[in-house]
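Colleague: Each chain is listed here by its residues.
Number of protein chains: 2
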Amino acid sequence: MGKKIACVLTNNFEDSEYSEPAKAFKEAGHEVTVIGFEKGSTITGEHGTKVTADASIADVKPEDFDALFIPGGFSPDQLRADDRFVAFAKAFMDADKGVFAICHGPQLLITADVLKDRKATGYKSIVQDLKNAGVKFQDEEVVVCHNLVTSRTPDDIPAFNRESLKVLA
Amino acid sequence: MGKKIACVLTNNFEDSEYSEPAKAFKEAGHEVTVIGFEKGSTITGEHGTKVTADASIADVKPEDFDALFIPGGFSPDQLRADDRFVAFAKAFMDADKGVFAICHGPQLLITADVLKDRKATGYKSIVQDLKNAGVKFQDEEVVVCHNLVTSRTPDDIPAFNRESLKVLA
Chain A
1 MGKKIACVLT
11 NNFEDSEYSE
21 PAKAFKEAGH
31 EVTVIGFEKG
41 STITGEHGTK
51 VTADASIADV
61 KPEDFDALFI
71 PGGFSPDQLR
81 ADDRFVAFAK
91 AFMDADKGVF
101 AICHGPQLLI
111 TADVLKDRKA
121 TGYKSIVQDL
131 KNAGVKFQDE
141 EVVVCHNLVT
151 SRTPDDIPAF
161 NRESLKVLA
Chain B
170 MGKKIACVLT
180 NNFEDSEYSE
190 PAKAFKEAGH
200 EVTVIGFEKG
210 STITGEHGTK
220 VTADASIADV
230 KPEDFDALFI
240 PGGFSPDQLR
250 ADDRFVAFAK
260 AFMDADKGVF
270 AICHGPQLLI
280 TADVLKDRKA
290 TGYKSIVQDL
300 KNAGVKFQDE
310 EVVVCHNLVT
320 SRTPDDIPAF
330 NRESLKVLA
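Protein sequence lines correspond, in order, to chains A and B. Per our numbering, the first sequence starts with residue 1, numbered consecutively. Per our numbering, the second sequence starts with residue 170, numbered consecutively.
Rather than coming from a laboratory, the hints here were simulated on the basis of the structure. You may find that some hints are simply not true.
Said to hold, decoys possible - Per label pair, the in silico range of CB-to-CB distance:
1) B:G209 x A:K131: 34 to 40 Å
2) B:D252 x A:D94: 32 to 38 Å
3) A:A55 x B:D252: 20 to 26 Å
4) A:K4 x B:D265: 50 to 56 Å
5) A:H146 x B:K173: 50 to 56 Å
6) A:G134 x B:M170: 43 to 49 Å
7) B:T213 x A:P158: 31 to 37 Å
8) B:E232 x A:K4: 42 to 48 Å
Beta carbons are placed, not taken as given, at the ideal position from N, Cα and C, and that holds for glycine.
If we strip away everything but chain A, and leave its shape as in the complex, we get:
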């Protein structure tokens, strides 16, 4: 049975870190809803990929979704400057729902203050931030900590997809 996945996204996301997992999730029968600042707005990746926001953060509730997907690039840093995205992400972690964060994606979870004593990984530039947030950092292509799946870079996408799909199963 397909699950409902909330994908939080804004401009300058890392293109493949959205496109490839979203494709894999949909092919496995799951539904991906892109949540941005404004419904219907066009969101542009670092390399030019265009994505239309299906919904605004103003109009969604965590209860309406089974899992959260946070692509990387410079998108997460902008999302976490908005308290609504921070609260939204925190709700998934508090409810022990699937949370899939790649590259800079864990930045949103750091601001939500939900990573203490969790095993996780992330892009090189945020490693010290992860450690300071209480993460048991692991330099692996994918780290699974119960509901939380994290990866480092686009090279890790196959492993990221594989483990995220297991959590969704």
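Dock chain B against chain A, hints included.
Modeller: Same frame as chain A, but now just chain B:
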């Protein structure tokens, strides 16, 4: 007597956070050397400002400069993924030289692990990272902690320039 200021910079810096302090420093008689990944390369700001790198990080030594200037935007996050920029920044803090960081600029100092128990500020998205790094965070237009001057956004530039110039005096 003019001081030698090292400015570490790469693409997607916040334009005004480089241009305006650099102008103020030069007008006060100081010398600003832009240090990028490659000497002579063109570095482009988020809003299109073009800056030529005077030197490569491969060719500079902290001993050749009196102070460090770290503009914000998405530049610092890319710099801190390179261990050479991290070591360069750490050397200024360890030597108690002037360090001027605005917006996302303190990210480089977090990775250098030099902010514990220091008073500082920064852009909203990195506030939790600063607190987790041991910073005594203050939501002020400028925070001066001995040699370290930090500000939050382009709106804070006048205060940032004023206090940085005092440290250089």
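Colleague: Hint compliance check: list the failing hint numbers for this structure, sorted ascending.
Modeller: Violated hints (numbers, rising): 3 and 8; every other hint is consistent with the structure.
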